[in-house]
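Enquirer: Residue strings, one per chain:
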Amino acid sequence: MAQVFPPGANWLAKWSILFAILGVTLVVGVASAVYWSPVVTQVGVHKKQPVPFSHQRHVQGNGLDCRYCHTSVETSPFAGIPATETCMTCHSQVLAGQEMFNPVKESWDSGQPMEWTRVNDLPDFVYFNHSIHVNKGVGCSTCHGRVDEMRLTYKAETLHMGWCLRCHEAPEKFIRPKDQVFNMAWEPPSDQLEQGRKLVQEYNVEVGQLLNCSICHR
Amino acid sequence: MNKMSTAHKSYPEALRPVGELIEGKQTYESITDSITSVVLERPNPPGWMLMFVIGGMFTCIYGMSLVYLFAAGTGIWGITMPVAWGWAIINFVWWIGIGHAGTLISAILLLLRQDWRNAINRFAEAMTIFAVACAGQFPLIHMGRLWVGFFILPYPNTMGLWPQFRSPLLWDVFAISTYGSVSLLFWYLGLIPDFASLRDRAKNRFAQLAYGTVALGWRGSARHWFRYEMASLLLAGLCTPLVVSVHSIVSFDFAVANLPGWHATIFPPYFVAGAIYAGFAMVLTLALPIRSWYNLKHIITARHIDLMAKITLATSMIVVYGYAAEAFFAWYSGSEMERTMMWNRIFGDYAPAYWALILCNFVAPQFLWIKWFRTNVYGLFLICQFVNVGMWLERYVIVVTSLTKDFLPSSWGTYHGTFWDWMTYLGTIGFFCFLMALFVRFVPMIAIHEVRVTHHKMTGEHH
Numbered sequence: 123m124a125q126v127f128p129p130g131a132n133w134l135a136k137w138s139i140l141f142a143i144l145g146v147t148l149v150v151g152v153a154s155a156v157y158w159s160p161v162v163t164q165v166g167v168h169k170k171q172p173v174p175f176s177h178q179r180h181v182q183g184n185g186l187d188c189r190y191c192h193t194s195v196e197t198s199p200f201a202g203i204p205a206t207e208t209c210m211t212c213h214s215q216v217l218a219g220q221e222m223f224n225p226v227k228e229s230w231d232s233g234q235p236m237e238w239t240r241v242n243d244l245p246d247f248v249y250f251n252h253s254i255h256v257n258k259g260v261g262c263s264t265c266h267g268r269v270d271e272m273r274l275t276y277k278a279e280t281l282h283m284g285w286c287l288r289c290h291e292a293p294e295k296f297i298r299p300k301d302q303v304f305n306m307a308w309e310p311p312s313d314q315l316e317q318g319r320k321l322v323q324e325y326n327v328e329v330g331q332l333l334n335c336s337i338c339h340r
Numbered sequence: 120m121n122k123m124s125t126a127h128k129s130y131p132e133a134l135r136p137v138g139e140l141i142e143g144k145q146t147y148e149s150i151t152d153s154i155t156s157v158v159l160e161r162p163n164p165p166g167w168m169l170m171f172v173i174g175g176m177f178t179c180i181y182g183m184s185l186v187y188l189f190a191a192g193t194g195i196w197g198i199t200m201p202v203a204w205g206w207a208i209i210n211f212v213w214w215i216g217i218g219h220a221g222t223l224i225s226a227i228l229l230l231l232r233q234d235w236r237n238a239i240n241r242f243a244e245a246m247t248i249f250a251v252a253c254a255g256q257f258p259l260i261h262m263g264r265l266w267v268g269f270f271i272l273p274y275p276n277t278m279g280l281w282p283q284f285r286s287p288l289l290w291d292v293f294a295i296s297t298y299g300s301v302s303l304l305f306w307y308l309g310l311i312p313d314f315a316s317l318r319d320r321a322k323n324r325f326a327q328l329a330y331g332t333v334a335l336g337w338r339g340s341a342r343h344w345f346r347y348e349m350a351s352l353l354l355a356g357l358c359t360p361l362v363v364s365v366h367s368i369v370s371f372d373f374a375v376a377n378l379p380g381w382h383a384t385i386f387p388p389y390f391v392a393g394a395i396y397a398g399f400a401m402v403l404t405l406a407l408p409i410r411s412w413y414n415l416k417h418i419i420t421a422r423h424i425d426l427m428a429k430i431t432l433a434t435s436m437i438v439v440y441g442y443a444a445e446a447f448f449a450w451y452s453g454s455e456m457e458r459t460m461m462w463n464r465i466f467g468d469y470a471p472a473y474w475a476l477i478l479c480n481f482v483a484p485q486f487l488w489i490k491w492f493r494t495n496v497y498g499l500f501l502i503c504q505f506v507n508v509g510m511w512l513e514r515y516v517i518v519v520t521s522l523t524k525d526f527l528p529s530s531w532g533t534y535h536g537t538f539w540d541w542m543t544y545l546g547t548i549g550f551f552c553f554l555m556a557l558f559v560r561f562v563p564m565i566a567i568h569e570v571r572v573t574h575h576k577m578t579g580e581h582h
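Quick mapping for you: the protein sequence lines, in order, are chains A and B. Going from the first sequence to this note's numbering is simple: count from 1 and add 122. Going from the second sequence to this note's numbering is simple: count from 1 and add 119.
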């Protein structure tokens, strides 16, 4: 009887094995590359805000402390977003007439708070508490990056759970003296591990507990 | 001719093998014809239609129960505290156990040079793959959230988390996926020469292309056969430990936990024997009607049926030994918890299930000592149904009696499957039948070349 397939089909059959392997590798590779890229993680991506607020201007330029606006960061889970009144302490004079400042002005006039877009947004099943971190020597810049250099605010880290665990597994790698927590320019010293271990002891960071599921998921 | 049966003269009369491995006056041609014609020429018999339609219906019911499950969550099942493991794990273990006979037949009996496996191995391997397909769905659906099913796999994820490598539930993932893929490979490898036969015999262009594609260019050259034999031996070698390891690991799901009634060393061997026992009963359940629908009684002969019945009997004895050992351990442990559990199992709320299990797995197979039950298809079919039910009850009794009454009397409770438990379970049986029906319709259900080897050994006929 006549052959069902032309001779070239043999070539196809053999190479199909390689194609299958390459195909699977490619799909998995591309999928994970996209998943870790800023497209999904949003690291370094500006969010649209009602007003183009610049941390750089306020922190580096004017020398404001983080806590001037984020007032509850040392005492509450939530760092706090400033009330319009806080803005108006300066902006009743500065920029007051400019068009880009209008949303703040409207908020001031109507008494309706500003609606900023969250940049660092954790899922609701994570119970994150700013105060415990700040009080145990975890600096702002460790998680938020050099906010003082951001013209428009963006996420500096992925906030993936695996990223949280790097510190929860070994806080000595990241912990700093409490008086340096709000220092945006702080860099770990060359003997960070040694210093870090001391601080972990001194601040009573119970490393054994930090990996309990219920520390963050209650 | 007939060298094979004369060697068994020393057996007692009641246990002497019956019949031949191939009945009637056959040639290579007639053997190939009777198997390929099922796929290529013959009309679908009414029995097949029934299996296809009812199987298809229950597959749809299964689909509906899954949609409801994913929409509403596992609350539609009977699971509750303290019985958080319900029918899902019972059905999982039941299905995975059924698969084991296929692997035993295809791998261990191949290595042991048991020629009688040649007529039933393809069939039994298909049963294995479909049973594993049914079993494998339960670990996924029992979460009620299919979309997070990939969490059972270890992969580098954004959470920096790995599954618990010390948990037998993770070992299950590896055991089942290895088992499924090796079985599928072995099955497909054996099919290649037979797909080539179908390709060569098919008249219809579409069938030629379809079978030609899956035959991977098989031409039956000496080199092809040499490689085929080597690959099949290697895969048989890989499958052999799996027959023992997979169900041992499944038994660890229970034995590693320290619950009364689960924490027993007898579990792995007793589960493996139970798996083979259940599997042979299922092979018979399927083979008895299908060989009659398609007039294949000259290839799957009374001899095969008789041998399978004997294995069922032998493994039933091991399983019953397991039941006795469990009871003995409970008493010998001196642990009040273990003794109470065993007392509850035998005389408590679930005593009817336990005694039904004894009836199905101990009393019913005893009839297989009698030759009439091993050769009469109706009698044997009936006994196999007892075994199928019995092996499900066995897992039910293990799961439910231990969980309803564990260490803390304040948390004791009761458990019963709901309507949706039933629909999910019957749905997988329907799905299994549906796949089996497709298999016998589109794939040569008996390994043509291997039966021809048997024919050669029996008659010495040359091409």
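Errors might be hidden in some of the hints.
Here are the in silico distance ranges between beta carbons for each label pair [to be verified]:
no., chain 1, residue 1, chain 2, residue 2, range
1, B, Phe269, A, Ser138, 25 to 35 Å
2, B, Leu288, A, Ser154, 21 to 31 Å
3, A, Ser312, B, Pro282, 36 to 46 Å
4, A, Glu309, B, Leu288, 44 to 54 Å
5, B, Pro282, A, Pro172, 18 to 28 Å
6, A, Trp285, B, Leu230, 33 to 43 Å
7, B, Gly192, A, Ser336, 53 to 63 Å
8, A, Leu332, B, Phe526, 54 to 64 Å
9, B, Arg324, A, Ser138, 51 to 61 Å
10, A, Ser336, B, Ser452, 30 to 40 Å
11, B, Leu259, A, Val173, 24 to 34 Å
12, A, Glu196, B, Pro282, 34 to 44 Å
13, A, Ser138, B, Ala470, 23 to 33 Å
14, A, Trp285, B, Ser300, 31 to 41 Å
Covered by chain A, per the in silico footprint, the following chain B stretches (three or more residues, Cβ under 8 Å) [claimed, not checked]:
no., segment
15, 277-286
16, 320-334
No wet-lab data here; the hints were simulated from the structure. Cβ atoms here follow ideal geometry from the backbone N, Cα and C, with glycine treated the same way.
Enquirer: Please name the hints from earlier in the document that this structure breaks, with their numbers sorted from lowest to highest.
Expert: Those not satisfied are hints 5, 6, 7, 8, 9, 11, 13.
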